[in-house]
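Construct all of the structure, not just a fragment, from the sequences and the given hints.
Number of protein chains: 2
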Amino acid sequence: MFKANVEVTLRASILDPQGKAVQHALHNLGFASVDKVRIGKHIEMWVDTDDEREARAIAKQACIKLLANPVMEDYHLEIEAVETSMADGSAVKKP
Amino acid sequence: MFKANVEVTLRASILDPQGKAVQHALHNLGFASVDKVRIGKHIEMWVDTDDEREARAIAKQACIKLLANPVMEDYHLEIEAVETSMADGSAVKKP
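Residue numbers (my numbering), protein chains in the order written: chain A, 1070 to 1164; chain B, 1070 to 1164.
These are calculated hints, taken from the structure and not from any lab test.
These figures come from a predicted structure and were not determined experimentally.
Certain hints may be false.
Identical chains blur together in the list; that is why a pair holds if it fits in one copy or across any two.
Unchecked claim - In silico DSSO-like links for lysine-lysine, alpha-carbon gap of 27 Å or less:
id	residue 1	residue 2
1	1134	1105
2	1089	1129
3	1089	1105
4	1110	1129
5	1110	1134
6	1089	1110
As C-alpha cells, then:
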C-alpha cells in the first residue's frame, strides 16, 4: 500500500481570488506582514499495490486525467509507503 | 522573506464527501486500485520578515486564527526561505 500526497496549485500567472480574500482577512486580523496567499488543493490518495513505481504511475495518471486542470494548474506528487489500511480507514506509516 | 507551506486536512474521524466523490470518479475512470481519497487545502503564504522563527510564529497564528478549524481539521506547516517577491508577485527559492 502506498500513499500519494498530491499538491495541486494554480499557476503563478493565474489570479487566485480565494487567496486574495484570505490575505485580506489576515490583514484585518492584524497579520500585516503576510504579503501574498495562494490556495490550492492537497489530495491524499491510497493506492493498493506493492510496487512503488506502479503507485507513482497511477497517481500521476489520476492527476493528469482528473485531479489537475493542465491549463491553469500544476501538480506536485510524493509517494510514501504505508501499511495496509486499518479498520477505521486510516493508514499507518511504515517505521 | 519566508514562504509558509500549510496543509490543512480533515481529521481522520471526519467524513470527507469530496474525497469519496473523487474516489468514485477515479474508479469510474478505471483506477480500481485507488483505495481511499482525502482532500484538504494547500495554502502558500509569503511572510515579509528576516527572522525564520517569527515567520513560523506568524504562520502558526494564521493557521490557528483563520486557516484551520480546530474542531475538524489538522494543519501541517513548513517554512522555507525565499528571495523577496519579484515584480510579477512570484517568489524565487534561495539556492
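Hint by hint, here is what the structure shows:
1. Proximity of residue 1134 to residue 1105 under the C-alpha cut-off of 27 Å is restricted to the inter-copy arrangement: shortest distance 17 Å between copies versus 30 Å within a copy.
2. Taking the closest pair of Cα atoms, residue 1089 and residue 1129 come within 27 Å of each other only across two copies (19 Å); inside a single copy the shortest separation is 29 Å, beyond that limit.
3. Proximity of residue 1089 and residue 1105 under a CA criterion of 27 Å is satisfied intra-copy only: 7 Å inside one chain copy versus 32 Å between copies.
4. In the homo-oligomer, the alpha carbons of residue 1110 and residue 1129 lie at most 27 Å apart both inside one protomer (15 Å) and across protomers (19 Å), since each shortest distance falls under that limit.
5. Taking CA atoms no more than 27 Å apart as the test, residue 1110 paired with residue 1134 passes in both settings, with 16 Å inside one copy and 20 Å between copies.
6. In this homomeric assembly, residue 1089 and residue 1110 come within 27 Å of each other (Cα to Cα) both inside a single copy, at 16 Å, and across copies, at 15 Å.
Hint compliance for this structure: every hint is met.
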